[in-house]
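What follows is the residue order along each chain.
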Amino acid sequence: MFASIEKAGEATASFPILTMLVLMPLLGAILVSLLSKKHGEWVKLAALVSSIATGAMSVWMLVKFPTGAAGFEFVSKHSWISEWGISWHLGVDGISLFMVVLTGVLFPLVIVGIDPHHDHKSYLAWMLLLEAGVMGSFLSLDLFLFFVFFEIVLVPMYFLIGGWGYEKRVYAATKFFLYTMAGSAFMLVGIVATAFLARRDTGVLTFDLVEIAQKANFAAGTGRWLFAAFMVAFAVKVPLFPLHTWLPDAHTQAPTGGSVILAGVLLKMGTYGMLRFGVYLFPQAAIWAKPVLLTLAVIGILYGAIAATMQKDLKRLVAYSSVAHLGFIVLGTFALTTQAITGGVMQMVNHGVSTGALFLLVGMIYERRHTRQISELGGIQSVAPIFAGFFMIVMLSSIGLPGLNGFVGEFLVLIGSFPTARWWVVVATVGVILAALYLLWAYQRVFHGEPNDDNKSFPEITLREGLLLSVFVAAIVFAGVYPKPMLDRIQPSVKALIEHVEASK
Amino acid sequence: MMTKLIAATSTFDGPAIQWFKISPVLALLGGALLLILVGSLTPQWKRGWYATASVVTAITAAILTGVLWNQMSDDKPSTLVGGAISFDHFALFATFTICVAVALVSLVANDYLTREGEDGPEVYGLMLTAAIGGVVMVSANDLLVLFLGLETLSLSFYLLTASGRSRAQSGEAGLKYFILGGFASAFFLYGVALLFGASGTTNLQSMATVLSTEVNISTNSGLLLAGIALLLVGFAFKVSLVPFHVWTPDVYQGAPTPITALMGSVGKVAAFSALIRVFMIALPSRIDDWRPAILVLALLTLVVGSVLAVVQTDVKRMLAYSSISHAGFILVGLEAASHIGHADAHLGISSAMGYLFIYSVLVIGTFAVVSVVAGTGDAATMLDAFKGLGKKRPVLALGMTVLLLAQAGVPLTSGFVAKFGIIRAAVSVESYALAVAAMLAAVIAAFLYLRIMVSMWLSDPADEAPVSISRSAGLAITLAVAATLLIGILPNLLLEISKTISF
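From first to last, the protein sequence lines stand for chains U and A. Residue numbering for the first sequence follows numbering that gives the first Met the number 0, starting at 0 and increasing by one per position. Residue numbering for the second sequence follows numbering that gives the first Met the number 0, starting at 0 and increasing by one per position.
Since the hints were derived computationally from the structure, they do not count as laboratory data. A hint or two may mislead.
To be verified - List time: in silico DSS-like cross-link candidates among lysine-lysine, alpha-carbon distance up to 25 Å: (1) K391/A / K167/U; (2) K167/U / K390/A; (3) K214/U / K289/U; (4) K20/A / K37/U; (5) K174/U / K175/A; (6) K43/U / K391/A; (7) K214/U / K494/U; (8) K391/A / K36/U; (9) K37/U / K390/A; (10) K43/U / K390/A; (11) K167/U / K289/U.
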C-alpha cells in the first residue's frame, strides 16, 4: 500500500526523518493513552521521551539542513490513496524549516513546564496528537495530506481548550472548532477543484503540491476563485480581520499550555499556508489579490493594537496583540518581495517564541493570583523583580526592540514591503508605535506602583520556571543579535518562490 | 372462458431463473423462514441464539454476494428472472451493504431484546424480511418489482417500529409511520401508473428506450412529468428528504433504538439505491427536467437537516435530523451523476454508494452506543444521559467520539472519505456551489456532534446510573469503530471496490 516512489529533483533522505517527526508524537500519544492512569509517572515519562525525541530529531534536521538550498530536503514520498492520486509526500525547505524546529522544541517545553492540574494522561495524549498534526501540516507537500493534518489539529485543540480551559471554555472551544471548520469547507472544495482542473496540465489526477505548482496553468479567473477558496481557510486560521473573533475567546479560555501552542505554532499554519499553498500555487491570483490582503493585514495591525490597548484582561490583551503581529506577517507575505517574505517567515518564528513566552508568563501570574484582570494586579516588580525582568525582556521582544528578535523580522517586513506596498507600510508603522503603547502601558499597570495586599505575597519565580523562560529568552536574544544563520536558511527558498511568482507574470 | 385460461397456463413458459445469482435473497429468505416458522413453533431458544441465526444468515448472504461479485468481474451485467431483476455491481454492492448492516443490527438488537426481556424470533425474522425487501429494491429492474420490494421493506419496518411492547411511544411511532408510509407508497404507485401510461412499460430499460424517441416525449409529456414528480415524492419520503422528512424524527425517536439503526442503514441504502437506479436508467432522457428538482431537494435537505439537528435535545432526534443532512450529501452525489455525458459523471454513483456503505456502518455504531446508554426501557436518550460518559465509561465514550467525528467528516475517519468522495464527484462535474453548500451544511451539523462530545467529556455525570455493555453490543460497536478508522486511514480498501460500481 505504501510503495515508495522515487523522484528526481528532490533530495530524498535515507532515514525517513520527516515521517518520524510525524509518527514519533503519534506513537507517544498512543502509548500514553494505553498506559494505566495509576502509573502517572510512566505516563509523564512516555510523553516526555517522545516529545523530546521529536524535538531532538527536529534539531538534528536543522543541523543537517544544507544552507543555501532552495528546494525541498529530506523528501519522503509514498503512494497512499492511489485511487485518488494522493501520496504521503513530506518535505522541508527554508520556509517550513524553522516552523518545524519551533514545533519540535516548543512542545517538550510546554509538556515539561506547564502543569495542567488534572487528568494528566488525556492532556498529554491530546498534546502529543496535536504535535503530530502540526508537524504534518508543516511538512506536507500533498494537498490532500495537508488538509488531513490541518483538520485533524482541530480535534486535540478542541479537547485541550474544552477540557482544561477556564470559565467559558466550552463556548470558546466550540467557536474555535466551527470557525476553522467553516474555513476549511471552502478549502476542501478548492483543493479538489485544483486537482481536477490541473489534470489537464499534469496529465493524471494528482494532489501533489510540487507537481501542480510547476505544471498547472490556471486561467486567470479560475485561479482567483481557487486562491480565494484557500485564503478563506487560512484567513480564519491566521486570523485575518474580520475573521478573527474566535481568537480572543480561544486564547483567553485555553489553558496556558494550549495558549502557548496556539500562539506559538497553530496560528502559523495559516500564514504558512498562505505562502506554501496560496502564493506558490496561484502566483497570479496572489498578485491580483494583493491590495485587498494588504489592506486587511493593515486593518488587522491597527485594529489588533487598538483593541489590545482597551483590554482589561491581561491574557486577552496578549491575544489581541497576536492579531496585530500576524497582520505584519501577512503584510510581509503579500508584499511579494524576497526581503519582506523572509522577514515574514522570520516573524512567524519570532511571534511564536515571544507571544508563546508572554502567554507562559500570564499563565504564571494566573497561577499565583488566580486573576487575569490588570486592575487587580500592580506593583509586582517590587516583590518579584526577576519575574518582572523576564516579563520585560519578552515584552520588549514583542514590541520589536532592536537587539531582540522581534525587531529583525518586523524591520525586514517593513523595509521589504516599502518598494511594493508603500502606503500600507506607512500605515502599518503606526502599529509599531501602538504596540509599544499597549504593552508598556500594560507592563506599567501590572508591575509598577505599590503592590496591594494581595500582590504583596506574589511569589518570586521558581527554578523550574526560570529555566523554562531562559530557553525562550536565549532564543529571543540570539535571533535578535545574530539572525544571519536563520536568514541564510530561509532566504534561498523565499527567493525561489519569488522567482516562481515573477515567472508566472 | 375457463378453458381458454387453462390452455394459456399450459403453454405459459416461466422465465429461466439462474438460481445461484439470486442466492443472497434466497439465503435471507431461508433465515427469515427458519426464524419465524421454526422459532415460533419451538420453545424459547437459549439466550443469543435468535441473534446468532440472524447474524449467520446475513453473513451467509453477504458471502454469497461477495462470490457473485467476483464472478461478476468476468460476466457482463445482465438481468435475471425475465428482466425483472438486474444483476450488476451496483445491485451487489448495495446487497452487500444491506447484509452487513443487518448482521450488525442483529448484534445490537440482541443486547436490547435481552435487556428488555423480549427476546424472540419475531424481530430478527422481520429484520431479515426487511433485508429481503431491500435487496429486491436495489436490484429491481422493473417498477412493479421495485414496488413489491418497497412494500416488503416498509411493512417490516412498520411492525419493527411498533415492536417495543413496553413503550407506548413505540406503538405511536409505528402507527404514524404506517399511515404516512402508506401515503408515500400511494404516491409512488400512482407515479408508476402514470409512467406506465406514458411509456407503455414498467421495465426500466424498455422505458428508457421508449422515452428516448422523440415522438413519445412530445405527446406524453404531461403524463410523464407528473409520473416522475410523483415517483420522486414517493422516494423522497422513503429516504426522508426535506420537505418530506417530518415523520423521520418522530419515528426514529419512537422506534426501539436498534430498529432506528436499521432504518438509518438498510432503509436508506435500499431506497437511495432504487432512486438512483430508476432515475439514471429509466429516465435519462428527462434529466433536464428532474435534475433541478434533485438540486433543490439536496440544498433544502442539507440545510434544514443540519440546522434542525442542532436545536434538538434528544439524541435520537438529533441523529434523525443528522441522517436527513447525510441524505442531502448522497443527493449531491446523484446530482453529480446526472451530468450524463461528462467524463467524470460516473464518480457520482460510486461516491454515493460508498457514502451509503460508510454511513450505514457509522449510524449503526452510533445508535448502538445510544442504545447502550439509554438502558432499560430505551429511556435515557436525552442529551443529559450522555453527561460524564467519558468518566463512567471512557472506552465507550472514545468509541462514540470516533463515530461522531466520522459523522462530522473529520479526516482519518471513514466519514471524511465519504464526504471527500461526494465533493470530488460534485467538483469533477463543476457543481462548485453545491459542493460548497454541502460542506457548509456539514459544518453546521458538526456543531451537533460537538454538543454530544461536550456532554460526554466536558460535563460531570448527571447521575451515578451505571452503563452496562453486553458482549454483543460491544462487538457491534467495536466492529463499527474499527471499520471507521480502517477505511479512514486506508481508503483504498473501499475505493478499489466502489470504483467498479456501475449498472
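Results for each hint:
no.	hint	verdict
1	K391/A / K167/U	24 Å, holds
2	K167/U / K390/A	21 Å, holds
3	K214/U / K289/U	23 Å, holds
4	K20/A / K37/U	57 Å, violated
5	K174/U / K175/A	38 Å, violated
6	K43/U / K391/A	23 Å, holds
7	K214/U / K494/U	19 Å, holds
8	K391/A / K36/U	14 Å, holds
9	K37/U / K390/A	15 Å, holds
10	K43/U / K390/A	20 Å, holds
11	K167/U / K289/U	37 Å, violated
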